[in-house]
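Novice: Please put together the full structure from these sequences, using the hints given.
There are 2 protein chains.
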Amino acid sequence: MLGVLGGMGPLATADFFEKFVRLWPAEKDQDHPQVVIFSNPKIPDRVGPILGTSATSPLPALIESAKRLQEFGAQLLCMPCHTAHFWYPQIIQNLDVPFLHIADITCKEILHTGHDDKSKVGVLATRATLQAKIYQDRFSEYGVSLMQPDQVHMEQNVLPAIAAVKRNSMVEAGELLTNSIDRFVQQGVEVVVLACTELPIALEYVDSDTRTHCIDPTESLARACVNTLRQRPVK
Amino acid sequence: MLGVLGGMGPLATADFFEKFVRLWPAEKDQDHPQVVIFSNPKIPDRVGPILGTSATSPLPALIESAKRLQEFGAQLLCMPCHTAHFWYPQIIQNLDVPFLHIADITCKEILHTGHDDKSKVGVLATRATLQAKIYQDRFSEYGVSLMQPDQVHMEQNVLPAIAAVKRNSMVEAGELLTNSIDRFVQQGVEVVVLACTELPIALEYVDSDTRTHCIDPTESLARACVNTLRQRPVK
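First to last, the protein sequences are chains A and B. Take the first sequence: its position 31, counted from the start at 1, is 30 in numbering that gives the first Met the number 0, and no numbers get skipped. Take the second sequence: its position 155, counted from the start at 1, is 154 in numbering that gives the first Met the number 0, and no numbers get skipped.
Among these hints, one or two may not hold up.
Remember, identical chains collapse to one label, so a pair may be satisfied in a single copy or spanning two.
The calculated DSS-like cross-link candidates involving lysine-lysine, where the alpha carbons are at most 25 Å apart (straight line), are [unchecked claim]:
(1) 107 to 66
(2) 27 to 119
(3) 66 to 41
(4) 107 to 27
(5) 107 to 119
(6) 132 to 119
(7) 41 to 107
(8) 132 to 107
(9) 119 to 41
(10) 66 to 119
(11) 41 to 27
Please keep in mind that the hints were generated in silico from the structure rather than gathered at the bench.
Specialist: Structure below.
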């Protein structure tokens, strides 16, 4: 049984679950695995504590939510939220079941699908995900350096796009995301990692040429969960 | 906390959850409610026991799954699968929390949104849902008689469309569903209830004119869950 620690945000959780189901090969219901999802949007904000603007840590709620999934019977966990992976080491210390790390998975998948340490990779994420170096640390192990959005790019495109998805304004989010990807591409970026689980939700509102540059970590995580549960190699 | 007894099928559960999240008014994650979803595709097939072609009842697994959601903390339950509502009376006998009935909700919504007992309503569903009279019983309370697909319609359109969704063949499902709705419309049906939670998933592959005739019970159920949790009146 797969356990999904979700609600950060809820639509990203729904997006993950749909991708997981669509990637699972099945002819009938009974071919699918059991999945328990705890969408817990009451987990305190993750951005504030990382940036030092809030003292309320989400860690106790993250650990408690993960443990409840484990007690329900989950044998493999994942969490479709990048920023919350700041607390990944402390969460897994409290668990007895494996927990797939979204950035680990995505980084390995990029490096195993035709890209190498010469590829110019850019990452679109919350300020907290960038500051916590959730992707940079992993890519640097492989000698890949990451481009990050500059301050104007963050304030005019990335953060408003994430906020637009959270309030269900998808057309607006799609325009902002398109601008954001195009800005990176103009700077020579070949691969854009949409490292906030809100962003891939707006991808269908991005035109298809721009879309070809994107990596969707939600889909990578879903694929890794499918392969792990099916005991297939995870790229 | 909302509890979703799902996995029948898993994609229908994902569809329900996405509709629920999109209908919930929110500016940020914390505005959303907690949701626990148990996608349990290992629940035995529902169609066989109703049609008398299988002796394995899904009832014990349905009750156990619902109880696990209740133990997790769910205060309101729902089940995005019409056929499984055949066992609704026995399931709720074993629970202490309210459980919204998908056909009750959909029937009330249709009758409160400009349709009356003169409207010609057709229902597309599995043979088991039709035989168990899950919709007919409710509509007849309001004096509305339901059109059902004839045998050719079932075998050529409805059942293949449901099977196509279950194996992720959406374009094929969309064509079959379009034919199915058009067949009803030619018979004078004004409102087509897509009374199998697989069918609305194919709606985006149905052309927009045909789509205007359809009622999506998954969306009606999601709306009723939103209104109940927000303590707003359910239509």
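Novice: Would you mind marking each hint as holding or not holding in the structure?
Specialist: Hints, one by one, checked against the model:
Taking identical chains as interchangeable, the C-alpha atoms of residue 107 and residue 66 are never at most 25 Å apart, the minima being 27 Å within one chain and 40 Å between chains. Taking the shortest alpha-carbon separations for residue 27 and residue 119, neither the intra-copy value of 42 Å nor the inter-copy value of 33 Å comes in at or below 25 Å. Taking the shortest Cα distances, residue 66 and residue 41 sit within 25 Å of each other both inside one copy (16 Å) and across copies (23 Å). Taking the shortest Cα distances, residue 107 and residue 27 never come within 25 Å of each other, neither inside one copy (31 Å) nor across copies (31 Å).
For the homomeric pair residue 107 and residue 119, the shortest alpha-carbon distance inside one copy (15 Å) is at most 25 Å, but the shortest distance between copies (56 Å) is not. Proximity of residue 132 to residue 119 under the C-alpha cut-off of 25 Å is restricted to the intra-copy arrangement: shortest distance 17 Å within a copy versus 60 Å between copies. For the homomeric pair residue 41 and residue 107, neither the shortest alpha-carbon distance inside one copy (31 Å) nor that between copies (32 Å) is at most 25 Å. For the homomeric pair residue 132 and residue 107, the shortest alpha-carbon distance inside one copy (16 Å) is at most 25 Å, but the shortest distance between copies (52 Å) is not.
Taking the shortest alpha-carbon separations for residue 119 and residue 41, neither the intra-copy value of 37 Å nor the inter-copy value of 44 Å comes in at or below 25 Å. For the identical chains of this complex, residue 66 and residue 119 are neighbours neither inside a copy (39 Å) nor across copies (51 Å), given an alpha-carbon limit of 25 Å. Proximity of residue 41 and residue 27 under a CA criterion of 25 Å is satisfied inter-copy only: 10 Å between copies versus 35 Å inside one chain copy.
When held up to the earlier numbered hints, the structure conflicts with 1, 2, 4, 7, 9 and 10 and fits the remainder.
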